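Heads up: the sequence lines are chains F and R, in that order. Counting with the numbering used here, you get residues 304 to 764 for the letters of the first sequence. Counting with the numbering used here, you get residues 209 to 508 for the letters of the second sequence.
Calculated directly from the structure, the hints in this document are not laboratory data. Quick caveat, the model's predicted, so the values are computed rather than measured. It cannot be assumed that every hint is accurate.
Label-pair distances were calculated between CB atoms; the ranges are [what the hints assert, rightly or not]:
id	chain 1	residue 1	chain 2	residue 2	range
1	R	D400	F	W733	24 to 30 Å
2	F	A410	R	I374	35 to 41 Å
3	R	D400	F	V416	22 to 28 Å
4	R	T433	F	V416	37 to 43 Å
In the SDA-like style, the derived pairs of lysine to any residue whose C-alpha atoms are separated by at most 25 Å in a straight line are [said to hold, decoys possible]:
id	chain 1	residue 1	chain 2	residue 2
5	R	K480	F	T542
6	R	K403	R	I240
7	R	K356	R	G271
8	F	K540	R	V295
9	F	K344	R	V295
10	R	K298	F	Y328
11	F	K550	F	K734
12	R	K298	F	K550
13	F	K734	F	F379
14	R	K356	F	Y383
15	F	K734	F	Y383
16	R	K403	R	V375
17	R	K298	F	L375
18	F	K513	R	V482
Ideal placement from N, C-alpha and C gives every residue a C-beta, glycine not left out.
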Amino acid sequence: MANITNTPESAGSNLMARALREAFYAGLVALGLFVLFVGLKTDQNILNELVLVQRWGLLAVFVAIAAVGRFLSVAFIRPYLAERKASKASTGVKEPGFVTRNFSMIAVAVLLVYPPIMVALFGFQGSLKWVDNFGIQILIYVMLAWGLNIVVGLAGLLDLGYVAFYAVGAYSYALLSSYFGLSFWVLLPMAGIFAALWGMILGFPVLRLKGDYLAIVTLAFGEIIRLVLINWTAVTKGTFGISGIAKASVFGIWSFDVSASNNFAKVFGLPMSSAYYKIFLFYLILALCLVTAFVTIRLRRMPIGRAWEALREDEIACRSLGINTVTTKLTAFATGAMFGGFAGSFFAVRQGFVSPESFVFLESAIILAIVVLGGMGSLIGIAVAATLMIGGTELLREMEFLKHIFGPDFTPELYRMLIFGLAMIIVMVWKPRGFVGSREPTAFLRERKSVSGSFTKEGHG
Amino acid sequence: MEYFVQQLVNGLTLGSIYGLIAIGYTMVYGIIGMVNFAHGDIFMLGGFAALIVYLVLVGLFGGIPIALALFIMIIVAMLMTGLWNWVIEKMAYRPLRGSFRLAPLITAIGMSIALSNFIQVTQGPRNKPIPPLVSSVYNVFGISISLKQIIIVVVTAVLLTIFWYIVNHTPLGRAQRATEQDRKMAALLGIDVDKTISITFIMGAALAAVAGTMYLMYYGVIVFTDGFTPGVKAFTAAVLGGIGSLPGAVLGGLMIGLIESLWSAYFTIDYKDVATFSILAIVLIFKPSGILGRPEVEKV
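Work out the full structure, taking the sequences as your base and the hints as a guide.
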């Protein structure tokens, strides 16, 4: 045993040798993975026959990235992380700062002044993009995710077909307003009621199911509703969708229709712009979100909310303590679905157009991903996750400057969902408990201690 | 009557493809208890691998005999998707193995989104049609059976026999079954659990690749979104047959195939998927463990 005194130098060179070896393997694996899909591209020629285009340069880039990435990870990043972990363990837990303690208040305040700031910065026309594509888009997902959070995060019922209730809400508004001319303010509660009703109808048969079985049946229900929307052309106009859906008004006082006499801009003598409507919609969805959050927070403290959380932790114990699991599950489904319905009718009002295309499984997956990535049960975590995931992918649409780097053929939008999918994996592997992994217990003895997320169970139904 | 038998033949063909995919779901669910949502996209990846291999073969050797070409396509696609699933398991699922149950499901959904969009980005969003590889049709008692259908059913049957043998009569299969029953105990008895799980993923992916090749040959076209619907239906098949059970997956696949083709033949084709999903819901509500599955015993 000549090598028994392991000097730091030899450890270092060992590390380097290992890193090089692993980098070589990683390159080899990457070559195997990408040789067909990146190295060759199937294209159609003028005769509509498939021909192969060779892209060996791009393949080399992929392989090089894999090898270099692996090398850096093994040689530098992992030792650094291990070291940091060791040093972090000794320092105590930090007291939360002012921003952390009052995060929700600050966030609401920022959101309230967000449209005026955008208008001040970019003018009415320029602010459209920021208020609509970012503000409203993100808030819709926040609302949907908070609604799903009641089902998945609180009651622990894994629902993969949540988008069905979103669709029910959107179509109830679209159909009832175009066939009967009812106004948004009448139909908003009705959309919620319809969705809640569907939540109960779909929830009733699956009361006995658990975990993955529940997930797959809810997925099936979501698909059934979408397929019915596509095929019931007499009512829903199938894949063409319903267009020309009426706009919402400010409680019937001011309208946003250009031809109406009580048009908002006319009444106040402002120049015509579509920005007012968008700003109005922004505050509308913000209000709906806050209602969702308020109801969720309040329900958690009521017997039913406690029953949901008890159900999530242990169904058998729950039953033996005399909690009626049937009503508990059904109310969870119905409440979650109701918020989905509200969001759906808002979606119909905002788009002015609904088609089954908007209610595919991918949407359910995105909403569920936001709930889980945010840390289930944590409203703030979910809002942060929605902002990062939806805002981040929306941001890619704005990256025009990338065209100057990669050439004019480069379209960043194409990579949107690819990056979304990869981000889901990376965040999950990096923080399996979501962004906010700890939560405050609803019931406590003497003092409120934060519970680490890993002490709670989910998805058992 | 002939019409009925004809639909039966079509249903069996379709069902064989679903069955092959379903085995991947059921094996992975059996061994680590997770729904590998990306499995449908692995199937699609297999189809694309076969497509590209076919184009390479035609480009290199022009008039290659079709049987040999199919054989090479299947082998390369199996290797390719096996490698993919091995890497996916290592990077996306293994770090989360000790975590809570939803975590791997979320990464699997993310992987499914990433895979289909990866193919969209690298291979383009359009349909990829190929000229018919096998076109002979036989007429047996007034029922037309195409060579394609025979190939699919025979290949499925052969592969199933091989896999059934591997799982039930080899040391590897024993290790898989042991890991499925009790991972900790299996590890204590000297089974390399990580390796066994990796091999299970590779096996599932290889079968999905065969299904992908068959799908490409049968329909003559493939597109990057083709993973989702067959994937969900195959998962439906796995659940219908009793998840975790190998013969159950095949039985479920055949049933889904039959339901689909008979429904399209006698009712409206528009609602065939609604029929499939409704039957899934009904079966699960009345017999949640599936047809051949063991009922789950809840331990308090």
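Cross-check of the supplied hints:
no.: 1; hint: R:D400 to F:W733: 24 to 30 Å; verdict: holds (27 Å)
no.: 2; hint: F:A410 to R:I374: 35 to 41 Å; verdict: violated (55 Å)
no.: 3; hint: R:D400 to F:V416: 22 to 28 Å; verdict: violated (59 Å)
no.: 4; hint: R:T433 to F:V416: 37 to 43 Å; verdict: holds (42 Å)
no.: 5; hint: R:K480 to F:T542; verdict: holds (17 Å)
no.: 6; hint: R:K403 to R:I240; verdict: holds (13 Å)
no.: 7; hint: R:K356 to R:G271; verdict: holds (19 Å)
no.: 8; hint: F:K540 to R:V295; verdict: violated (44 Å)
no.: 9; hint: F:K344 to R:V295; verdict: holds (22 Å)
no.: 10; hint: R:K298 to F:Y328; verdict: holds (14 Å)
no.: 11; hint: F:K550 to F:K734; verdict: violated (41 Å)
no.: 12; hint: R:K298 to F:K550; verdict: violated (50 Å)
no.: 13; hint: F:K734 to F:F379; verdict: holds (21 Å)
no.: 14; hint: R:K356 to F:Y383; verdict: violated (57 Å)
no.: 15; hint: F:K734 to F:Y383; verdict: holds (18 Å)
no.: 16; hint: R:K403 to R:V375; verdict: holds (15 Å)
no.: 17; hint: R:K298 to F:L375; verdict: holds (19 Å)
no.: 18; hint: F:K513 to R:V482; verdict: holds (22 Å)
Figure legend: structure checked against the earlier numbered hints; hints not met, in rising order: 2, 3, 8, 11, 12 and 14.
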